[in-house]
Amino acid sequence: MFASKIMTTEVITCRPDQPVREVVDLLVAKHLRVIPVVDDNGKLVGSINTLSILNRIVPEYIVTGDLKSVPFAPDIGLLRKHFKALEDGGKQACDIMERNPTKVHEHESLLSVTAALITYDRFEYVLVVDHDDTLLGVISSGDILRALYAASPSDIERV
Amino acid sequence: MAVPAHSATAIFGLPSVWLAVTILLAVYAVIMVEKFNRAVLSLLGACIMVLSGVLTQEQAIHGIDFNTIGLLTGMMVIVAISQKTGMFQYVAIRSAKAVKGEPWGVLTMLSVVTAIFSAFLDNVTTVLLIAPVTLLITDALNIKPYPFLFSEILASNMGGTATLIGDPPNIMIGSQAGLSFYDFLVNLAPIIPVIFVVTMGCIWLIFGRQLHATDEARELIMEFNEHEALKDIPLLKKSLLVLGLVLIGFTCAHGLGLEPATIAMFGAALLLLLQSWEHDLESKNHDFEGVMAEVEWTTILFFVGLFIIVTGAEHTGVIKLLAAELLELTAGDFDNTVAAVLWTSALASALIDNIPFVATMIPMIEDMAPTFGGEEALRPLWWALALGACLGGNGSLIGASANLIVAGFSQRAGHPIAFLTFMKHAFLLMVLSIVISHLYIAIRYL
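Note that the protein sequences, when read in sequence, are chains A and B.
At position 86 of the first sequence (counting the first as 1) the number is 86 in the working numbering, and the numbers step up by one without a gap.
At position 218 of the second sequence (counting the first as 1) the number is 377 in the working numbering, and the numbers step up by one without a gap.
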């Protein structure tokens with residue numbers, strides 16, 4: 001079983017120069033967790049996901065772990081303020097994207113894809129690319145689970 | 160018969176005096192450039208002292224003040240464990256609520272808390288605990304954090320001056336001059352509240368009058384729930400027990416003929432034992448390793464290397480020479496020497512790391528004992544060194560590690576602190592604190 005067999009190929013992507021507001025609209029409207037950022041030639045240049053957006057609006061002293069947990073703090077309106085600033089700040093997708101999303105190649109085994117997901121990523125998906133970094137699809141942790149669930153025992157042995 | 164080290168000609172045919180001075184100055188200079196880890200530099204310098212023949216390995220090891228190392232390490236372990244309980248955040252929030260979120264009140268309370276914590280904990284640890292909560296509170300109040308952080312920097316260095324364990328220079332001075340926790344409490348602690356109040360008065364004139372928060376913002380502060388900050392009540396009880404025992408130990412140690420390092424290391428071992436008492440061996444090991452990872456090995460190994468480097472310089476007789484030079488400058492007059500030590504320490508500590516400075520000054524002052532009539536007579540000089548070196552750290556943003564840590568926080572929160580902006584106010588306030596210290600020493604001891 002290869003990465004290309006279980007990946008989702010109909011992927012909603014965005015361009016590097018697309019305004020952040022449009023990207024957020026897409027994330028929310030389509031219930032997405034990740035939007036790969038792809039240039040005009042179809043090459044993967046980064047990714048934007050829900051967590052990386054939250055990362056940008058949480059105060060820096062929490063992100064860096066200086067203040068690991070704040071169970072004592074009420075909602076002080078900071079997140080909304082920072083979120084609005086992010087949306088209205090005139091920033092583009094390339095300004096806020098993750099520049100090194102976890103990538104796998106189309107021919108990698110299920111074991112290899114799962115390993116990449118578990119060891120490298122803070123997120124629940126990997127992006128599948130060919131040797132030119134052209135985006136081919138996305139594999140989420142759910143895709144892997146479903147593939148295992150649906151596969152016949154002989155299929156799994158072949159893996 | 161062994162050849163005395165100071166008459167030996169070391170490798171490269173250089174006299175050992177010049178070798179030792181070159182190593183010492185080179186290490187200090189590269190530390191100031193701040194491009195390398197300072198522990199690595201000091202260990203490297205220490206090794207060169209031995210490799211080049213200035214010191215034998217045995218002399219080098221003998222030069223390490225294990226009382227300072229033990230006290231530092233022990234306190235770091237105790238703090239690493241007790242900070243996990245959230246008690247410091249609890250106190251900070253509690254104090255902000257006590258003044259109903261009124262900005263100047265919050266600033267004063269957080270400064271007092273910082274000063275008190277700094278007197279008993281490492282300054283760096285204190286600001287690491289207080290600065291993030293401060294940023295959260297100022298975010299809630301929707302006001303600029305700079306006046307708060309400025310005041311906390313000054314408070315941490317002032318508080319640290321008050322006790323034997325408050326600031327590394329004091330630990331070194333206490334250990335090497337044989338001064339007890341109680342000696343520091345009686346001689347240094349009384350003047351610190353005076354300096355603190357005067358400084359806060361100036362900060363009120365500079366920033367305090369302009370601080371203003373809306374009623375809604377102040378309401379938000381009252382919505383903070385400090386009880387939620389206390390994460391681990393059993394651990395809190397154990398930490399408070401050990402902290403209490405250690406403080407009692409420090410106060411009584413001298414009378415019992417015990418060194419502070421013994422007390423701190425005992426407290427550390429006891430808290431390490433208690434922290435995971437109920438757990439199985441695997442998680443006990445895991446907890447132990449977690450605490451070890453939080454101990455600031457950079458600082459500890461920096462001290463180890465530094466002690467060896469200074470011992471090297473001492474062996475060549477160069478420190479004696481400097482002491483004689485200073486005495487000549489002050490014409491052997493005690494009052495002038497005290498003043499010189501106080502002001503030189505203050506100005507030097509404002510610009511360079513006060514730890515290597517104090518490490519060099521200690522043997523120098525010890526060498527003056529014969530001139531001034533023995534060890535006992537030197538005491539005012541020790542207080543001058545402690546006040547100068549600790550308070551001097553307030554003179555600039557690079558004067559103390561705690562200052563740089565706060566500046567780092569502030570920058571990450573989007574409010575960078577400029578070197579000159581800070582110095583504009585801080586240097587004058589530092590000078591003011593030294594003037595007060597000078598008066599205090601003159602009235603009480605001279």
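Please note that a few of the clues may not be correct.
What the hints assert, rightly or not - Below 27 Å or equal to it, Euclidean Cα-Cα: the simulated DSS-like pairs (lysine-lysine) are:
{"#": "1", "chain 1": "A", "residue 1": "Lys5", "chain 2": "B", "residue 2": "Lys243"}
{"#": "2", "chain 1": "B", "residue 1": "Lys443", "chain 2": "B", "residue 2": "Lys397"}
{"#": "3", "chain 1": "B", "residue 1": "Lys256", "chain 2": "A", "residue 2": "Lys68"}
{"#": "4", "chain 1": "A", "residue 1": "Lys68", "chain 2": "A", "residue 2": "Lys81"}
{"#": "5", "chain 1": "A", "residue 1": "Lys81", "chain 2": "B", "residue 2": "Lys303"}
{"#": "6", "chain 1": "B", "residue 1": "Lys243", "chain 2": "A", "residue 2": "Lys81"}
{"#": "7", "chain 1": "B", "residue 1": "Lys194", "chain 2": "B", "residue 2": "Lys256"}
{"#": "8", "chain 1": "B", "residue 1": "Lys303", "chain 2": "A", "residue 2": "Lys84"}
{"#": "9", "chain 1": "B", "residue 1": "Lys259", "chain 2": "A", "residue 2": "Lys68"}
{"#": "10", "chain 1": "A", "residue 1": "Lys91", "chain 2": "B", "residue 2": "Lys390"}
{"#": "11", "chain 1": "A", "residue 1": "Lys91", "chain 2": "A", "residue 2": "Lys30"}
{"#": "12", "chain 1": "B", "residue 1": "Lys256", "chain 2": "B", "residue 2": "Lys303"}
{"#": "13", "chain 1": "B", "residue 1": "Lys390", "chain 2": "A", "residue 2": "Lys68"}
{"#": "14", "chain 1": "A", "residue 1": "Lys30", "chain 2": "B", "residue 2": "Lys256"}
{"#": "15", "chain 1": "A", "residue 1": "Lys43", "chain 2": "A", "residue 2": "Lys30"}
{"#": "16", "chain 1": "A", "residue 1": "Lys68", "chain 2": "B", "residue 2": "Lys479"}
{"#": "17", "chain 1": "A", "residue 1": "Lys68", "chain 2": "A", "residue 2": "Lys43"}
{"#": "18", "chain 1": "A", "residue 1": "Lys81", "chain 2": "B", "residue 2": "Lys397"}
{"#": "19", "chain 1": "B", "residue 1": "Lys479", "chain 2": "B", "residue 2": "Lys243"}
{"#": "20", "chain 1": "A", "residue 1": "Lys68", "chain 2": "B", "residue 2": "Lys583"}
{"#": "21", "chain 1": "B", "residue 1": "Lys390", "chain 2": "B", "residue 2": "Lys194"}
As the list claims (entries may be wrong) - So, partial list: chain A residues that the calculated Cβ filter (under 7 Å) puts toward chain B:
{"#": "22", "residue": "Tyr61"}
{"#": "23", "residue": "Glu108"}
{"#": "24", "residue": "Leu111"}
If you are wondering where the hints come from, they were derived from the structure by calculation, not from laboratory data.
Backbone N, C-alpha and C fix where the C-beta goes; we use that ideal spot for every residue, glycine too.
Cross-check of the supplied hints:
1. A/Lys5 - B/Lys243: Violated, at roughly 47 Å.
2. B/Lys443 - B/Lys397: 16 Å, holds
3. B/Lys256 - A/Lys68: Holds, at about 21 Å.
4. A/Lys68 - A/Lys81: This hinted pair holds, its Cα atoms lying about 21 Å apart.
5. A/Lys81 - B/Lys303: Between A/Lys81 and B/Lys303 the Cα gap is close to 16 Å, so the pair holds against 27 Å.
6. B/Lys243 - A/Lys81: Given that 27 Å is the threshold and the Cα spacing comes to 30 Å, the pair is violated.
7. B/Lys194 - B/Lys256: Since the Cα atoms of B/Lys194 and B/Lys256 sit roughly 42 Å apart, the hinted pair is violated (cutoff 27 Å).
8. B/Lys303 - A/Lys84: It holds: about 20 Å lies between the C-alpha atoms, which stays within 27 Å.
9. B/Lys259 - A/Lys68: 25 Å, holds
10. A/Lys91 - B/Lys390: Answer violated: A/Lys91 to B/Lys390 is near 39 Å, above 27 Å.
11. A/Lys91 - A/Lys30: Satisfied, since the Cα-Cα distance of roughly 21 Å is no more than 27 Å.
12. B/Lys256 - B/Lys303: 19 Å, holds
13. B/Lys390 - A/Lys68: Measuring from Cα to Cα gives roughly 12 Å; hence the hint holds.
14. A/Lys30 - B/Lys256: Cα-Cα ~44 Å, so violated.
15. A/Lys43 - A/Lys30: 22 Å, holds
16. A/Lys68 - B/Lys479: 50 Å, violated
17. A/Lys68 - A/Lys43: 37 Å, violated
18. A/Lys81 - B/Lys397: 41 Å, violated
19. B/Lys479 - B/Lys243: Roughly 46 Å separates the two Cα atoms, so the pair is violated.
20. A/Lys68 - B/Lys583: Not satisfied, since the Cα-Cα distance of roughly 34 Å exceeds 27 Å.
21. B/Lys390 - B/Lys194: The hint is violated at about 38 Å.
22. Tyr61: Status holds, d = 4 Å.
23. Glu108: 34 Å, violated
24. Leu111: 29 Å, violated
Of the hints listed earlier, those the structure fails to meet are numbers 1, 6, 7, 10, 14, 16, 17, 18, 19, 20, 21, 23, 24, in rising order.
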